[in-house]
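Numbering (the numbering used here), first residue to last: 1007 to 1620.
If you're looking for bench data, these hints aren't it; they were derived computationally from the structure.
Just so we're clear, the structure is a prediction, and the values are computed from it rather than from any experiment.
Where is the CB? At the ideal position from N, CA and C, for every residue including glycine.
Treat the hints loosely; a few may be bogus.
Pairwise CB distance ranges, derived in the manner of DEER restraints [stated by the list, open to error]:
(1) Lys1363 x Ser1113: 26 to 34 Å
(2) Val1216 x Gly1375: 38 to 46 Å
(3) Glu1318 x Gln1433: 44 to 52 Å
(4) Leu1342 x Ile1531: 48 to 56 Å
(5) Ala1364 x Ser1230: 46 to 54 Å
(6) Ala1479 x Phe1043: 41 to 49 Å
(7) Gln1539 x Ala1364: 23 to 31 Å
(8) Ser1529 x Ser1115: 38 to 46 Å
(9) Met1398 x Glu1066: 23 to 31 Å
(10) Ala1070 x Gln1539: 40 to 48 Å
(11) Gly1247 x Lys1346: 28 to 36 Å
(12) Ser1052 x Gln1384: 21 to 29 Å
Lysine-lysine pairs mimicking DSS-like chemistry, simulated, CA-CA at most 27 Å apart [unchecked claim]:
(13) Lys1280 x Lys1239
(14) Lys1361 x Lys1395
(15) Lys1040 x Lys1361
(16) Lys1361 x Lys1346
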Amino acid sequence: MLGCSVVNLRQHVGLQKLSALAGITHSSLGPNKKYKFIQDDTSGESALVCSCVRVLQNLELTCAVGQLVYETLHAHQTVYNSGSGCLLFLAGAWSRAALECLHRGISVSHIISAMSEGIDVCVGVCRKSSISIEGLGEVQPENSAATVPHGIPQASNARYGDQVLNAGGQRKIKLSRHFCESRCKTASAASQRKLINVAHIAEGLTHGCVDAMNLVLEVNQMQSNCDVFDITKVVTCVLPGLPEGHACVLAGCVVLLSAEQLSVVHRLQQQLLKVALIRGDLSHAFRHLGFSRPTGVQRVSDHSALESSGREDEWMAHVLALVLNLEVNLILVSGLASEKVIQRCCAHHILVVEKVKASALSAFAAATGGVPVTYATQLSQHCVGTGVKVAMWRELGGTGRKSSAAVSISTSGNCSLVTVILTSCVQSKLQVLEDQFWACAYRLHHALKDRVVLPGAGVTEMLCVHRLQNQAARLCTERTGDSTQPSEAEKSSNPYRSAVLHLMADALIDYISTVMVNSGRFSKIRARSVVNQHVQDCNGHSDGAATFSKLFSEGDHEGGSFSDGAPDLNLKIYDNLSVKQEAWRKALDLVSLVLQTDAEIITGVESQENLMLL
């Protein structure tokens, strides 16, 4: 329903819908995101959200553009877990730029060609302005007591400092005069260059979520390799009813179990258990992805429901007998488990845990020697893992069948799984806290994976605006400065590149100013004037744009005037290179797809305009 209203039927309808949908992202940009309550008028249920993905997830999107936008955001969020707000905002801003181009009589092919050139310019700026993390806040062995970023646990820097001290200690060891000290120093220096100040990088990637990033750093500290953040070995568990200060990080896998399963947990404690791993649902009706049912089969019996129930009971009896014969005490399921299966297994003191993360299932398989199977009927002796322990971690409130508890599942081997416990007295806020944690975790993961970061706080976008405007000005000068007749190559080229690049730059200015407004320190008019002024002063390098980053962070003090001295080096904000580039590309892909579809369908456009658009 949202985004399906059209302001002017004579314009491209799809672009207008895309622009309207992008309007919901304004409050979810920047570090100070605003919460929204979405209420279902039919059921009366409500949801608390603060990201554009969650907003769209809770809305009834009946138009094709809305569904396309949601699928695009969902695909991006699945891989990157951040940058979706930037993606949708720029899709809306560039769709308005495309509409303006159409009003000026620029053809669809020329718009798409020039916008593609513009995104290539922006990607080039990102590559040139990227900062290597190996030279960023690098830990120095001579000064192990490095300054710890504000709000970030000191344990991280202390840990890396210890490693540097140990490396320095190795340099002093001489077992024989035949050992070359210079070679030892060279090898030690090489190892020191690989040490990364993860705490410093994490602070720059916090983006307002300090508590969530602190948890991410605790996870990184528990993982053996400090230079790589393994996102696949991390799971979350949300506990309602406890204050947010009770959030913590634990080794192993912690899950919430119902009251009827707690008696099984008490019985299995202090034992080494055999485990079965199911990749899929534990139910009679489950079929793997890609399964094709027989075609042309029709049921004519009046007792199909009874037959189905009978087959389900037969299947359940077979699975239960198989599990008992294999002496399995614990079944971990990546999907859902049938309620009947859970109850029957509980009666035989077998614990069934559903909704286990797929990567966690793989970690348990590696640690226990088990082999995940798709169907429970495939279980055999060599598929069963060993050495698993279960223990009560914390009992939660509730009485009788409404009670629940958090249970820890660990292995005697090196499972390397880590669980982040997220708590809140406001149950509707738990989803928000979980999203914030995963956003921070993926930002750090991609920074360590890319080995580079981008200057944040609008600096990268400012450099892109400067480069786009310079490119547009150069094209305009070349076109107007040559008085001779244009060549055939010039005739076939795009004469509207300058205008389109200017409009793309204006869209980025709109993005920067919106983030500044959301910081609570600027008005809309003041933010845009500050951005325009600093674009003129920008020399095309990140150093020249650093003063804007300082103003962005400190606020509009004294009308935005500040000294021309060096920026605050202790205040650094970073963005992810791969995330930002992919968000920009997908934003332009959305605009191009909707623009071309509108041109082909010609929705709400008269025949004379059709000829111009086609």
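Structure-based check of all given hints:
1. Lys1363 x Ser1113: 26 to 34 Å: violated (49 Å)
2. Val1216 x Gly1375: 38 to 46 Å: At roughly 41 Å between Cβ atoms, Gly1375 and Val1216 fall inside 38 to 46 Å, so the hint holds.
3. Glu1318 x Gln1433: 44 to 52 Å: violated (34 Å)
4. Leu1342 x Ile1531: 48 to 56 Å: holds (53 Å)
5. Ala1364 x Ser1230: 46 to 54 Å: The hint (46 to 54 Å, Cβ to Cβ) is violated, given that Ala1364 and Ser1230 are roughly 22 Å apart.
6. Ala1479 x Phe1043: 41 to 49 Å: holds (46 Å)
7. Gln1539 x Ala1364: 23 to 31 Å: violated (50 Å)
8. Ser1529 x Ser1115: 38 to 46 Å: holds (39 Å)
9. Met1398 x Glu1066: 23 to 31 Å: violated (42 Å)
10. Ala1070 x Gln1539: 40 to 48 Å: holds (41 Å)
11. Gly1247 x Lys1346: 28 to 36 Å: holds (29 Å)
12. Ser1052 x Gln1384: 21 to 29 Å: With Cβ atoms ~43 Å apart, the hint is violated.
13. Lys1280 x Lys1239: holds (21 Å)
14. Lys1361 x Lys1395: holds (18 Å)
15. Lys1040 x Lys1361: violated (30 Å)
16. Lys1361 x Lys1346: holds (16 Å)
Figure legend: structure checked against the earlier numbered hints; hints not met, in rising order: 1, 3, 5, 7, 9, 12, 15.
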